[in-house]
Amino acid sequence: MADNAERVSKLYKKRSSLGMAWRQLRRNKGAIIGMILLIFIIAGALLAPIVYDYNTDVIGMNVRDRMQWPSAEHICGTDDLGRDIFARIVYGARYSLAVGLVAVLIALVIGTVLGAAAGYIGGAFENVVMRICDIFSSIPSVLMAIAVVSSLGKSTINLMIAVGIASTAPFVRVARAAVLVVKDEEYIEAARAIGQPDWKIVAVHIIPNCLSQIIVQATLRVGSAIISAAQLSFLGLGVPAPAPEWGSMLSAGRLFIRDYSYMTLFPGIAIMITVLSLNLLGDGLRDALDPKLKR
Amino acid sequence: MHRYIIKRLLMLIPVLLGVAFIIFAIMSVAEGDPVYQVAGPDATEEQLEALREEMGLNGSLIERYFRYIGNLLKGDLGVSYVTKLDVMQLYLQRLPNTLRLASIAMLVAVALSVPLGIVAAVNQNSWKDTLAMILALLGLSMPNFWLGLLLMLLFSLKLGWLPSGGAEGFTSVILPAVTVGVGLAALLTRTTRSSMLDVLRQDYLRTARAKGVSERKVVYVHALRNALIPIITIFGVQFSNVLGGSVLAETVFAWPGVGRLVVDAIDQRDIPTVTGALIMTTMLVTIVNLLVDIIYAYVDPRIKAQYTK
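Protein chains in written order, with our numbering: chain A, 1 to 295; chain B, 1 to 309.
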């Protein structure tokens, strides 16, 4: 008997939704490519300080080597101050990933709490939250982020806050919709019947059930947050120089685009590959976690 | 139907006031208290207060907000700190350029995405489908200002076919419009494909084929008409992103639109111009979204039926 129970539980484990999602994901070529690319990018970002010295390789000037086209020594060439562009790109991954992740984390926490509360409480509160959400979505996110940065001042932290605020509304929507779906399920009613407080019902029973949608949304949003951050830096409102942020590298390269096009080429490729890997993974996760959306 | 429109129009008022308030509040934080700079270090408290009143900076945030809205209703957005020109005039000078860019960008997006999406859906899981989806994914992953730089490099600096900046002549709009349009096209290609796939499975198409309607007509007339509805929705929602994206394209191509106005004004800390331009732009987006919703309700008989009951 005990043997049988064990087998059943093993079988159940195999079929657990997380396991199923993982098996789905493994079969998706795009998602695997995205994941591998992302692992490389993250590894590069983590190892960058070991390989390169920030003060000499990344921001140190070396005027004698300036404006060198890509060669064996500098595979992406050097910029107007003689800095190795490849070193700056690898180091820049730290900024882009950090800004993307923190911004989305800000949006995710605020958005999920507000959205879940709106869906669960309902009534006037829900109405107010959703109207505020409408207001925020009708402000173009680039302009919103520009306004926030110009009021808080230029810094990496403020860039994260600005991009985070500008990406909050979608999380509110997703969380609210997800809560509305599960809110009237029997197990929620049961939890209420045994006297669990509302906050606990939301935190323990409802949010874990909408987690898959929130994860998908978050993965896709990190990519757009990275683009938003690069846009702001390109406009001179992001990470201040001389930090090797991809957007500000593009903004610098733009001045020399006619004769030294490689300065504009490589940072853009870095942004594209990073965002592409996140999009591939996000699409794969969506297909794996939400079979309804699969085509 | 009329009740629906009236209800939506009434709901527009609090949304517009809210949009204006959020931007106004953020920008007042940005502004701080500029009277110290203007008056110099020796000014007395009375002089500072008088100057605040003159510049419309006295009173609480709420008071100033309502004064601002009152003036806005009269068409007055204040005066630029830098050029001393009327902000409303500055904005209206730039707006046609941005609208021209945005509308051509949207045309570019449709021209690229609808055919691509249809081809992908009709040949589902073939190499054509895969190729279209890869292109869409690349379009979504590419920062549009970088694409703009690459287009400029190729078509104006290397080949010399198109101007690299400014807004003179028709050709100058092509590069910025493609820059803004490609991102939208990527999204629309995906929408068109999935919407077409939905429609292509419907029974009425089987009926049409059984009646002997040519495959071409089935796809382009019967299916496409119904598939267009979700595409139109995305289109309306994306108008705000097109205006946002045009900020970057305007910077890359020195296009004299609203986006450049905002970015330049931020560089010069010209707060009245930034506030005014942002408020006007978001109001424009909100109103366009409402119009799309209303048109949508007219076009789609199913939605119309919901409200005429």
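Hints are supplied without guarantee of correctness; some may be wrong.
Simulated coverage check for chain B against chain A, where a stretch passes if three residues somewhere in it have a Cβ under 8 Å from a Cβ of chain A [said to hold, decoys possible]:
id	stretch
1	18 to 26
2	68 to 79
3	107 to 115
4	206 to 220
5	259 to 267
6	274 to 288
Below are the BS3-like pairs computed for lysine-lysine, each with C-alpha atoms no more than 30 Å apart in a straight line [to be verified]:
id	chain 1	residue 1	chain 2	residue 2
7	B	Lys84	B	Lys7
8	B	Lys128	B	Lys217
9	B	Lys84	B	Lys74
10	A	Lys183	A	Lys200
11	A	Lys154	B	Lys217
12	B	Lys128	B	Lys74
13	A	Lys29	B	Lys74
14	B	Lys7	A	Lys183
Since the hints were derived computationally from the structure, they do not count as laboratory data. Yeah, the Cβ is synthetic: ideal placement off N, Cα and C, and Gly gets one too.
Which hint numbers does the structure go against, in order from smallest to largest? 2, 3, 4, 7, 11, 12, 13
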